[in-house]
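Add chain B to chain A, keeping to what the hints say.
2 protein chains.
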Amino acid sequence: MNEFMKLLSLSKPVIQAPMAGGPATPPLAAAVSNYGGLGSLASGYLTPETLKRQIEETKQLTSAQFQVNLFVPEKREKVSRKKIEDWQNKIPLSQSAELETDEEQDWNDFYEKIDIVLNSGVKVCSFTFGVPPVDAVKELKKRDCCLIGTAVSVDEAVLLEEKGMDIIVVQGSEAGGHRGAFLHTKGEAAVGLIALIPQAADHVSVPVIAAGGIYDKRGVAASFALGAQGVQLGTAFLACMESGTSAVYKQKLIEAAETDTRLTRLFSGKPARGIVNQWMEDRRIDEDNALPYPLQNTLTKPMRKQAQLEGNPESMSLWCGQGVRAATKQTTVKELMDQLVPAGVIL
Amino acid sequence: MNEFMKLLSLSKPVIQAPMAGGPATPPLAAAVSNYGGLGSLASGYLTPETLKRQIEETKQLTSAQFQVNLFVPEKREKVSRKKIEDWQNKIPLSQSAELETDEEQDWNDFYEKIDIVLNSGVKVCSFTFGVPPVDAVKELKKRDCCLIGTAVSVDEAVLLEEKGMDIIVVQGSEAGGHRGAFLHTKGEAAVGLIALIPQAADHVSVPVIAAGGIYDKRGVAASFALGAQGVQLGTAFLACMESGTSAVYKQKLIEAAETDTRLTRLFSGKPARGIVNQWMEDRRIDEDNALPYPLQNTLTKPMRKQAQLEGNPESMSLWCGQGVRAATKQTTVKELMDQLVPAGVIL
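Going line by line, the protein sequences match chains A and B. The numbering of the first sequence is full-length UniProt numbering, which starts it at 1 and goes up by one. The numbering of the second sequence is full-length UniProt numbering, which starts it at 1 and goes up by one.
Chain A on its own, in the form it takes in the complex (with noise of 0.2 Å):
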């Protein structure tokens, strides 16, 4: 058992990418959990509340760990009115869109959410899109919480490791949604995991965690030839039936092939793997110029929340990664796990 495991008492190195958006539900962090790995719920588009009902709901199902994900809030840029009236016509029922809160609420959202982890005993907090705020490392450690950044370059773990991350998830070019990057935050940048772990792992003390493209125990046992302590999935979880997956959702991971996903800003304004659909063919000029994040998000909402509910795989973001023949066929978390980590693979 490696320090990784040690530290979260794990059976298996396996975590469960904290996929925000809706496949990460309680019943699937559960169910992870439950099979020794580390079940996460994303809380990136969650109220507070509903967070705060996710996690009461995980408990119910695990007393396992699981860790709660979040966003850390960024500087929102500018955008001139004249660009954002430009994609209003060309993002169908952008007009319904309700108007995103503003970076002070971000901030809100983000500390409330600190408390509820901090009171909910929840001992694992993992961060996206950034460096956690001091203060919040602070009162976090204060009780016992393990942290966890998300890298996609040497750079971007250092620095993690010296804002004091007990664990960094490294996320190769391979991975599916979006880029958790905060320095390198060009897609063109990205590093796919067979370069970028053994460099990032060379240069911080702490665990590497994989992600990225990695679907079965060829995977995982290349991640750790190369210097990780585990692995993260998230393409493989979509698939399982515990995940809040919907059913043309599913379809599509199951008929896509490797060549068939690219990275794409075209949906939420921040470079995200999902396999290529109308959307981003037909929007594929204006990649360039998408809004920034949240603005295309919000503008894109309503889109996609139609394209669910019509069941149209064309307009809603099919997020996945390289790894994808990983979903062949539905699955169960316990199938997944078991071929993941066979029993009695000493690790």
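The hints are simulated quantities; they were obtained by calculation from the structure and are not laboratory data. It cannot be assumed that every hint is accurate.
Treat identical chains as interchangeable: a pair holds within one or across any two.
For lysine-lysine, the following DSSO-like pairs were computed, each having C-alpha atoms within a straight-line distance of at most 27 Å [unchecked claim]:
| hint | residue 1 | residue 2 |
| --- | --- | --- |
| 1 | K186 | K90 |
| 2 | K12 | K217 |
| 3 | K52 | K142 |
Chain B in isolation, oriented as in the chain A frame:
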């Protein structure tokens, strides 16, 4: 010893990537072969006469096997006079570019090089940018020549096996230099090795070799864990004394971080990974508008040549993979090979 090593009588499962345009010199190829790997000559930009001379020179330096790599000629895209003129105005020195040979000349050169391979006793021949034609495959096989194809996706790997390749190099998104793609030619579809190797290995029965971002024994072990039988390294060999890399290029490699590269079509018309420099930054806006290969390559040739002469890294192509910390200092092929597969390691 695995099937790949047996096929090529190797004591180390390492191919030196056939880096066209200078670095893959006869001394480099011979050194790699002498230390138990497979050295490579890169005939892509060579005249048949120069290839012949390089083969002779390599034979003087090693009695071990080495390979010759060929570019598979492609159908040339039609381009408007206007677009060419636009680029002539943008590319320094392009007015002095020699007019490119045509497709027929490409094929004449290709077959002339095949004849040179057949008559030289070289017993390993690899291909980039496509599937070699049936008649060439037949002739090479008659002389017991082992054939290596280059794939960036599962579909490409499957097709190459169907067409008679004995070994498939799968090139991950991490790889420096040109993407060897022919079905999935868009750089944005580039797949990381941790996802690509197992998916490819599950779909072909010939040995799979991993290329891209590998720079030390951890990458070798990971590639094997993922299902590869060998590795192909480029960037790591660029920093070796025996390579034909210029001093200024070596210095850039030594200084680069893993996030400093990106895929660009601005040098040749085909996506290739290199260290971002002034030329790539200045013309970033034209990235999607580059001329097709080989036209862009022809027009940038005088600029690149002049940059080499002047030792100016800002307008030469600085091909480099994401495992760039391989090159922290100038090393030798022997040191690199020993570090990749330490004595006593059983593969």
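- request: Pop the pair K52 and K142 into one bin, within, between, both or neither, using alpha-carbon distances up to 27 Å.
  value: within (21 Å within a copy, 71 Å between copies)
- prompt: Given a CA cutoff of 27 Å, do K12 and K217 count as a within-copy pair, a between-copy pair, both, or neither?
  reply: The answer is both: 12 Å in one copy and 25 Å across copies each meet 27 Å.
task: If the cutoff is 27 Å on CA atoms, where do K186 and K90 land: within, between, both or neither? Let me know, please.
output: both (24 Å within a copy, 25 Å between copies)
The earlier numbered hints are all upheld by this structure, with none contradicted.
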